[in-house]
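Listed here are the chains, written in short residue letters.
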Amino acid sequence: MLDLSDVQGLVVRGYTMPTARHLLLRVDSAPAARALLGSLVDGTPGRPQVTTATPWTEKPEACLNVAVTATGLQALGVPSAGFPAEFTAGAVARAALVGDTGPSDPVHWRPAFTDPGFHLLLSLAAVSPAARDRATEAVLAGTAPGLTELDRLDGDLLPGRVDHFGYVDGISQPTVDPAPPPGPPDRLPVQPTGAFLLGHPSQFTGHSYPVPDPPALGRNGSFAAFRVMAQDVAAFCALLAEQAQRTGTSEELVAARLCGRWRSGTPLVLSPDTDARLPPEALNDFDYAGDQRGERCPIGAHVRRMHPRDSPVAGGGGAKHRVVRRGLTYGPPYDPARPDDGPERGVVGLFIGASLRDQFEFLMAEWALDGLFAPGLGRTQDPFLGTGDGTGAGRAFRFRTAAGRAELTDLPRLVTTRGGAYVFLPSVTGIRHLAGT
Amino acid sequence: MTGVTTDATSGTGTGSGTGTGTTVQSPLTLVMPVRPEARAALRAEVEQLQALPRDQNPVTTALDAIGTVHFARFVFIDDERLAVITTYDGDFERYIMDFVDHIGPVFDLLLKHMADPPPLPVQQHPEEFLAYVRRHDLGCVGPFYSAYPTRPVIDIRADDAG
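Protein sequence lines correspond, in order, to chains A and B.
Position 393 of the first sequence, counted from 1, bears residue number 392 in numbering that gives the first Met the number 0, the numbering being contiguous throughout.
Position 40 of the second sequence, counted from 1, bears residue number 39 in numbering that gives the first Met the number 0, the numbering being contiguous throughout.
Derived by calculation from the structure, the hints in this document are not laboratory data.
Keep in mind that a hint or two might mislead.
Pairs of lysine to any residue residues, derived as SDA-like cross-links and limited to a Cα-Cα distance of at most 25 Å, are as follows [unchecked claim]:
#1 K111/B to P209/A
#2 K111/B to T21/B
#3 K111/B to G205/A
#4 K111/B to S207/A
#5 K111/B to L51/B
#6 K111/B to T204/A
Covered stretches of chain A (in silico footprint by chain B; criterion: 3 or more residues with CB under 8 Å from a CB of chain B, positions within the stretch not fixed) [said to hold, decoys possible]:
#7 35-49
#8 199-212
#9 374-381
Cβ atoms here follow ideal geometry from the backbone N, Cα and C, with glycine treated the same way.
Using the sequences plus the hints, can you model the full thing?
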């Protein structure tokens with residue numbers, strides 16, 4: 000049985016806090032860094048403590064989680080072995096595989112992400128910006144010298160819980176056994192513990208992901224892709240306007256087809272013609288059994304690509320490559336009256352799983368950047384995550400209507416990666432091991 | 000610039016093929032040496048398996064579920080080796096977990112008779128199974144021919160279903 004108090008909270012539960020801050024740190028002195036890590040899990044008075052998956056009796060004003068990169072493990076000077084090759088190689092080396100090419104190429108990333116000194120990631124969630132500042136101050140107090148802050152990234156919930164493209168976000172999250180459902184109960188299969196935490200039976204029959212050595216470090220840990228993704232809202236608005244005009248439909252229907260949900264969150268498969276405004280408990284309680292041809296929800300729509308549920312897919316694993324998403328928007332709300340106002344907008348957060356290769360990378364390489372996995376998509380890409388490279392299929396969006404097959408062509412790149420890192424989220428025991436306590 | 004075309008008749012799968020070739024399909028020619036004393040038992044088991052009705056044959060039901068294999072057959076070579084010859088879609092390594100998830104038990108059955116099996120069960124040891132397949136895959140003398148180089152199983156089935 001999983002000990003929830005040994006697991007970092009963000010893996011299996013959402014904090015539903017409106018602000019976040021990610022601190023990217025370099026270890027200059029291993030003893031100082033280990034002391035810092037130890038103080039976050041040993042109950043030192045005045046020190047923020049790592050938030051675990053233990054249910055709250057009282058909601059705190061801030062939460063803290065700790066992740067370490069492959070170079071960070073080395074910098075801490077703690078011997079380890081058996082970490083998966085993709086984690087050890089890191090996000091820069093794996094960039095091309097997940098579409099981080101062209102404008103998303105690591106050479107254009109925020110410098111901290113390509114700095115070999117990016118060792119530790121401290122992620123804070125907080126109930127308010129003031130609480131976030133207090134938590135930041137508390138966690139960084141007394142850490143110098145020994146640790147250097149390379150970068151910090153803030154996320155803030157937009158009004159209406161929408162992303163910058165206007166879609167209500169964060170609706171679908173896996174329920175991870177034995178944690179309670181993160182939202183209203185739904186019909187989706189509960190994910191086995193080992194799909195998100197090392198050392199337990201995984202989502203694949205008869206299989207558990209190997210636990211890196213030593214087990215005190217590896218067991219109950221998870222991996223995550225930490226991502227900063229800029230959204231081109233002006234390009235998205237122009238796309239909706241132009242497609243609405245060309246197809247004689249509303250911008251809202253174009254937006255719904257691209258996403259697979261109306262911007263309110265209503266799944267297109269449940270409400271294909273108009274936005275029925277379903278109650279919250281209905282928003283994730285669906286499958287695609289009655290829509291194998293994609294006449295209600297396009298098979299290439301973003302949410303159906305990223306989680307095909309029971310749809311027929313190559314490999315037959317439509318529900319076996321899920322990720323836990325912990326992200327928030329950054330940048331000010333978009334004002335259509337000032338399309339080129341300057342500030343960058345996007346999403347920053349973590350995509351978590353027991354395997355970067357079989358979850359985050361699989362999603363990107365097989366389901367976002369190619370279409371051969373599902374019927375009728377050809378070599379098309381995800382409308383939001385596609386690279387927009389080249390011409391032809393890579394920039395097309397296919398769907399079906401009552402009139403037959405249809406295609407939007409020459410889709411622009413809408414999302415550009417601004418930073419990526421592969422990190423390990425150790426258990427509380429694992430953090431203690433790193434601290435040497 | 001964006002545009003739209005509507006076409007009620009055209010097929011699917013335009014494109015230039017995978018990184019490994021010009022077809023979305025790839026050949027697998029897995030030739031496995033059998034332990035001398037296990038030859039009779041293996042042949043009996045394979046024949047028994049293949050004599051099962053379609054819906055009870057675990058090879059067939061697994062391949063149906065995987066949805067990336069176009070053709071598959073067992074061939075005994077000189078009584079000393081068993082060949083599994085298939086044509087499949089996509090990147091074998093990328094789909095290894097889904098593949099083993101469905102068909103692992105079939106390979107357990109076969110591999111226990113082989114001269115140099117990977118650790119079993121394969122579902123517990125997918126990486127070692129992948130390495131074994133790599134070692135014993137004879138591939139083909141290129142180019143690999145396909146009559147429909149852009150068509151994965153998942154498309155063909157959907158079109159057949161109408």
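Cross-check of the supplied hints:
{"no.": "1", "hint": "K111/B to P209/A", "in the structure": "holds (23 Å)"}
{"no.": "2", "hint": "K111/B to T21/B", "in the structure": "violated (36 Å)"}
{"no.": "3", "hint": "K111/B to G205/A", "in the structure": "holds (17 Å)"}
{"no.": "4", "hint": "K111/B to S207/A", "in the structure": "holds (22 Å)"}
{"no.": "5", "hint": "K111/B to L51/B", "in the structure": "holds (21 Å)"}
{"no.": "6", "hint": "K111/B to T204/A", "in the structure": "holds (19 Å)"}
{"no.": "7", "hint": "35-49", "in the structure": "violated (count 0)"}
{"no.": "8", "hint": "199-212", "in the structure": "holds (count 5)"}
{"no.": "9", "hint": "374-381", "in the structure": "holds (count 5)"}
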